[in-house]
Structures are given as structure tokens and as C-alpha cells.
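Trainee: Take the sequences, apply the hints, and build the full model.
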Amino acid sequence: DAGVIQSPRHEVTEMGQEVTLRCKPISGHNSLFWYRQTMMRGLELLIYFNNNVPIDDSGMPEDRFSAKMPNASFSTLKIQPSEPRDSAVYFCASRGTDLAQYFGPGTRLTVL
Amino acid sequence: QKEVEQNSGPLSVPEGAIASLNCTYSDRGSQSFFWYRQYSGKSPELIMFIYSNGDKEDGRFTAQLNKASQYVSLLIRDSQPSDSATYLCAGYGGSQGNLIFGKGTKLSVKP
Numbered sequence: 001d002a003g004v005i006q007s008p009r010h011e012v013t014e015m016g017q018e019v020t021l022r023c024k025p026i027s028g029h030n031s032l033f034w035y036r037q038t039m040m041r042g043l044e045l046l047i048y049f050n051n052n053v054p055i056d057d058s059g060m061p062e063d064r065f066s067a068k069m070p071n072a073s074f075s076t077l078k079i080q081p082s083e084p085r086d087s088a089v090y091f092c093a094s095r096g097t098d099l100a101q102y103f104g105p106g107t108r109l110t111v112l
Numbered sequence: 113q114k115e116v117e118q119n120s121g122p123l124s125v126p127e128g129a130i131a132s133l134n135c136t137y138s139d140r141g142s143q144s145f146f147w148y149r150q151y152s153g154k155s156p157e158l159i160m161f162i163y164s165n166g167d168k169e170d171g172r173f174t175a176q177l178n179k180a181s182q183y184v185s186l187l188i189r190d191s192q193p194s195d196s197a198t199y200l201c202a203g204y205g206g207s208q209g210n211l212i213f214g215k216g217t218k219l220s221v222k223p
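Protein chains in written order, with our numbering: chain A, 1 to 112; chain B, 113 to 223.
Hints were generated in silico from the structure; no laboratory data involved.
Please note that a few of the clues may not be correct.
[What the hints assert, rightly or not] Here are the computed lysine-lysine pairs in the DSS-like style, where the Cα-Cα straight-line distance is at most 25 Å:
| id | chain 1 | residue 1 | chain 2 | residue 2 |
| --- | --- | --- | --- | --- |
| 1 | B | Lys168 | B | Lys215 |
| 2 | A | Lys24 | A | Lys78 |
| 3 | B | Lys154 | A | Lys78 |
| 4 | A | Lys24 | B | Lys154 |
| 5 | B | Lys114 | B | Lys218 |
| 6 | B | Lys218 | B | Lys154 |
Mentor: Written out as C-alpha cells, the structure reads:
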């Protein structure tokens, strides 16, 4: 079975540009999570969805960040405008009935 | 603030030894716990989960849960250099739908 798919795997952009990260969860999973990981702060939950509905976005750092899940097989995390402090690895994870979260390979974002 | 605490390490053990990784949590309502392994530059990979008090064994790995002491541990028997990674402990809060992750313990297994 295919795992969680994320694209792009690497993104290098300049400050002020819009960045869109994409995620396809495991088929049949009804919860999706976006995380950010840095050396300083570890793994931080940004937002999660149940059945395509955002449940908790308290981890979204500021209004520059937005996330959508238009259907059960696709989600996006958008940063507009991007800043150097947004540089991190962004993970998407999905969860099924066993309560475990399964992570995608991540997107390494560098904002210059 | 619900928290999961781990010693950041690094924990260094010789090849063939038992590695013991520990985790404490603040939310008495937490019911289920997960251990993830993360190699450098890779994503977290689920290796074990435990829901009940006591021990759960899977190959060289044993997870232990003590809800009274709010303590979770992971034992790795016959440690191998390939076990060198950061191990993340995570638990669900009582009514929360999301996992609370610890900051991870870095394990180094020396040949």
C-alpha cells in the first residue's frame, strides 16, 4: 500500500514568495495532520483535520499560514508571504482506526 | 499544558547491550502511547504502541506502560548500530484528537 505522499520533497524560495506544500493521505484514513520540525522546537503540530474538517489550528503560527483539505485524498499547507524563519521540515501524517499516525517523507523548506 | 518529557540524550550503548529509553507524561487522562524512530533526515516511523499497563513485546523491542506513575519506556535488546536514531515518545490526551510528542532521545549504538 502507498504511504503518505508529500510534494515537493525540497523547496527553496525567496522571502516574500508564496509556498504551497501538498499531501495525499493513506487511503481510508480520515484524519490528517500537518507538523513542522526544527532542531530548536522539535516536532510541532500546526493543524489537523477530521473527515476533511479543520479541528484544531491553534498551532498555526500566524495568518501567513493556511491549510485546506478539499477532499479525503488531498490537503495543502500554504505560506504567504514566506519568511526565513519558516525554514523547517514540514511533515504530513494521516491516521486511521488504529489511532497511530503515519508520516509522509516531509518537505524540506528553505526560505532565503 | 499537556506535556510529554524525554531525556534528550545522547544515550550511548555498546552493540549487543540493552538500550532503555524513558518518557513521562503529565496528562493522567492519556490512554495510548506510541514510540517512533526517526533517522537523521528521515520522517518519524512508528515502531510500537501500547494501550494497557504492563509490557508489550515485539521482536527486540519491549514497550512498558505504568499509568499510576505516568511513565512509558522502550527497551531495545541486542542493540545494533542500525538502531542509532532519535526515538520519539507520544501520547494522546484524554479528549484530544492529536498526539503530544516529546522532543526525542538520541540513541547511539557503538560497534
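Trainee: Could you run down the list of hints and mark each one as holding or not?
Mentor: These are the hints, each one checked on the structure:
1. B:Lys168 to B:Lys215: Roughly 23 Å separates the two Cα atoms, so the pair holds.
2. A:Lys24 to A:Lys78: With a Cα-Cα distance of about 15 Å, the restraint between lysine 24 (chain A) and lysine 78 (chain A) holds, given a limit of 25 Å.
3. B:Lys154 to A:Lys78: holds (22 Å)
4. A:Lys24 to B:Lys154: Holds, because 18 Å separates the two Cα atoms, which is no more than 25 Å.
5. B:Lys114 to B:Lys218: holds (22 Å)
6. B:Lys218 to B:Lys154: Since the Cα atoms of lysine 218 (chain B) and lysine 154 (chain B) sit roughly 14 Å apart, the hinted pair holds (cutoff 25 Å).
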